[in-house]
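J.: Residue numbers (my numbering), protein chains in the order written: chain A, 1 to 402; chain B, 1 to 194.
Simulated from the structure, these hints should not be mistaken for lab results.
Sample of chain B residues at the chain A side, in silico, Cβ under 10 Å:
#1 Ser106
#2 Pro107
#3 Met108
#4 Asp109
#5 Gly110
#6 Ala147
#7 Met148
#8 Arg152
Values in this document were obtained by computation on a predicted structure and should not be read as measured data. Backbone N, C-alpha and C fix where the C-beta goes; we use that ideal spot for every residue, glycine too.
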Amino acid sequence: MRVTELSLTHFRNYRALELKEIPSGFVVLQGDNAQGKTNLLEALFLLATSRSPRAHREGELIAWETPQDGTAATRLFGCVRRKDGPVTIELLLMGRPEARPPTTAAVAVEDPELLPAQSGVRRRLRVNGAPRRALDLLGNLTVALFRPEDLDLITGPPSGRRRAIDILLSQVDPRYPRALQRYARAMAQRNHLLRRIADRRAGQDELAPWDDTLAREGAFILDSRRSALDRLAQLAGSAHRPLSGDREELSAAYAATVPLAGPALGDGGAAVAQAFLARLGEVRARDIALGQTTVGPHRDDLTLLVNGVPAGSYGSRGQQRTLALAWKLAEAEYLREVTAQDPVLLLDDVFSELDAHRRGCVMAVAGAYEQVFITTTGAELSGQMMPEGSRYVVRAGTVTPE
Amino acid sequence: MSRLIDQLNKLPGVGPKSAQRLAYHLLRMPEDHARALADAIVEMKERSILCERCQNITEASPCTICQEAARDAHTICVVEEPLDLVALERGRGYRGQYHVLHGVISPMDGIGPEQLKVRELLNRLRDGTVTEVIMATNPTLEGEATAMYLQRLIGPLGIRVTRLARGLPAGGDLEYADDITLARAMEGRQEVTS
Ligand SMILES: [Zn+2]
Numbered sequence: 001m002r003v004t005e006l007s008l009t010h011f012r013n014y015r016a017l018e019l020k021e022i023p024s025g026f027v028v029l030q031g032d033n034a035q036g037k038t039n040l041l042e043a044l045f046l047l048a049t050s051r052s053p054r055a056h057r058e059g060e061l062i063a064w065e066t067p068q069d070g071t072a073a074t075r076l077f078g079c080v081r082r083k084d085g086p087v088t089i090e091l092l093l094m095g096r097p098e099a100r101p102p103t104t105a106a107v108a109v110e111d112p113e114l115l116p117a118q119s120g121v122r123r124r125l126r127v128n129g130a131p132r133r134a135l136d137l138l139g140n141l142t143v144a145l146f147r148p149e150d151l152d153l154i155t156g157p158p159s160g161r162r163r164a165i166d167i168l169l170s171q172v173d174p175r176y177p178r179a180l181q182r183y184a185r186a187m188a189q190r191n192h193l194l195r196r197i198a199d200r201r202a203g204q205d206e207l208a209p210w211d212d213t214l215a216r217e218g219a220f221i222l223d224s225r226r227s228a229l230d231r232l233a234q235l236a237g238s239a240h241r242p243l244s245g246d247r248e249e250l251s252a253a254y255a256a257t258v259p260l261a262g263p264a265l266g267d268g269g270a271a272v273a274q275a276f277l278a279r280l281g282e283v284r285a286r287d288i289a290l291g292q293t294t295v296g297p298h299r300d301d302l303t304l305l306v307n308g309v310p311a312g313s314y315g316s317r318g319q320q321r322t323l324a325l326a327w328k329l330a331e332a333e334y335l336r337e338v339t340a341q342d343p344v345l346l347l348d349d350v351f352s353e354l355d356a357h358r359r360g361c362v363m364a365v366a367g368a369y370e371q372v373f374i375t376t377t378g379a380e381l382s383g384q385m386m387p388e389g390s391r392y393v394v395r396a397g398t399v400t401p402e
Numbered sequence: 001m002s003r004l005i006d007q008l009n010k011l012p013g014v015g016p017k018s019a020q021r022l023a024y025h026l027l028r029m030p031e032d033h034a035r036a037l038a039d040a041i042v043e044m045k046e047r048s049i050l051c052e053r054c055q056n057i058t059e060a061s062p063c064t065i066c067q068e069a070a071r072d073a074h075t076i077c078v079v080e081e082p083l084d085l086v087a088l089e090r091g092r093g094y095r096g097q098y099h100v101l102h103g104v105i106s107p108m109d110g111i112g113p114e115q116l117k118v119r120e121l122l123n124r125l126r127d128g129t130v131t132e133v134i135m136a137t138n139p140t141l142e143g144e145a146t147a148m149y150l151q152r153l154i155g156p157l158g159i160r161v162t163r164l165a166r167g168l169p170a171g172g173d174l175e176y177a178d179d180i181t182l183a184r185a186m187e188g189r190q191e192v193t194s
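Produce the complete structure using the sequences and hints provided.
T.: What follows is the structure in structure tokens.
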């Protein structure tokens with residue numbers, strides 16, 4: 001698939017941007033730093049997922065004052081040409097009036113890692129002109145975003161890896177984000193109940209329905225993640241070989257906080273649910289004391305292994321960066337495989353840290369996708385390295401075809 | 001005037017703008033109409049009590065539904081709110097008893113079984129007349145959890161516990177379902193097993 005049209009109104013440093021007839025192939029966005037290149041890729045990511053890849057404070061997305069009448073200040077609009085026809089996506093972002101008290105729904109999600117934190121931003125979505133919930137947006141435009149922070153996938157805390165696989169699975173399976181949402185809400189309810197039990201305002205018998213829900217939704221999340229991770233590791237291995245020139249064996253390990261009998265079966269995890277439920281019973285006293293649910297997919301880790309060694313403790317910084325790149329290329333390939341359509345690749349400043357050989361590898365792989373947005377200051381993509389494609393100059397919130 | 005606007009604004013579905021519009025409408029109303037409205041509100045508050053059996057809102061206890069002799073005494077349909085009961089009655093497919101919980105379990109809102117009419121429900125099951133309890137809580141996370149919780153209490157009493165069939169929109173309220181959907185959901189109800 002590819003994006004044919006993008007229009008941004010009052011989004012970050014864009015007052016009004018209108019890009020029409022965006023071609024396929026490489027779309028090179030060239031400009032100095034802080035001119036709006038990354039913001040443009042962020043806009044495409046938002047149209048795919050309704051979430052920002054970087055905003056813990058999503059209020060920043062609305063750089064312009066929201067009018068008093070409550071209409072949207074910030075609008076993102078995109079046309080996508082899919083195999084099965086064109087789709088339009090419109091996303092309106094509005095600041096939440098401060099005076100309004102928080103609703104139950106707004107405080108429902110306690111774990112900001114599993115799902116993005118709730119923010120003061122209200123969003124309104126339309127797909128082909130019809131209103132949609134955020135959950136129903138996913139899958140219309142699929143993207144794989146590459147950015148310098150990807151190194152965190154290898155060296156950072158587990159939360160980043162959980163988030164990466166959650167976003168990946170949410171793009172390919174509509175059941176997955178629903179399971180995440182139900183899981184997060186059931187956990188928020190259970191955590192409140194744990195505290196009420198500790199205060200002797202509730203009985204332990206009240207835990208059962210929440211434990212059941214957590215086990216059922218959690219088992220589905222676990223099973224989906226493990227199935228995807230196995231495939232991702234294989235794809236990362238294939239991507240890694242030409243990049244590194246070595247013959248390292250890549251594999252992946254899913255470190256679960258509930259006992260897992262046997263491999264992922266792709267069956268929604270009926271057996272896992274039983275084990276999960278039993279484990280919740282075992283840790284109940286501890287959970288009551290802490291007022292928190294201490295086991296489940298929100299506490300799991302997933303790691304890439306190189307010759308059996310966790311990638312985070314393998315090799316040099318450069319080698320770790322190559323591993324991160326292999327992971328991202330594997331994500332893109334996974335999206336292509338599962339949806340039978342090319343995702344749109346978003347490469348944000350990925351070349352500055354790579355040597356010429358690796359740049360060449362990435363360009364060769366990326367070139368096989370229908371559309372690839374690349375940001376660059378121009379310095380690192382000189383001469384032959386500059387891909388054949390359309391070029392746009394990004395300067396102070398304007399984008400001009402060259 | 002601003003006091004009235006504040007009060008109207010507290011009503012569900014009434015934003016600040018509608019509250020203003022309503023207040024100006026009331027201002028232009030003939031005085032006897034305004035008084036009739038105010039009286040109706042106060043009177044409703046003063047006269048409404050909960051039915052001692054089904055916990056529905058009524059002016060006389062037991063309520064007319066509980067007093068209807070032709071209704072099946074062996075079946076109780078458990079609903080969240082009085083309006084859910086109204087919706088099911090409108091559908092006319094169901095001729096048994098009701099029980100109104102007045103909410104769902106939601107620890108984050110400080111609501112547990114103690115805050116709902118759960119004990120009253122269990123008391124009604126004691127004499128062995130009731131053989132089936134139909135869970136008609138809404139298909140939300142909290143509605144499902146409440147049904148599961150009650151099933152665990154009622155199942156061991158040897159009473160059949162069933163759940164309304166799917167077909168209700170997920171997360172959708174009983175209150176807004178159409179009559180045919182409701183009748184189908186009632187007919188296709190299924191055994192709950194834990
Ligand atoms: Zn009654």
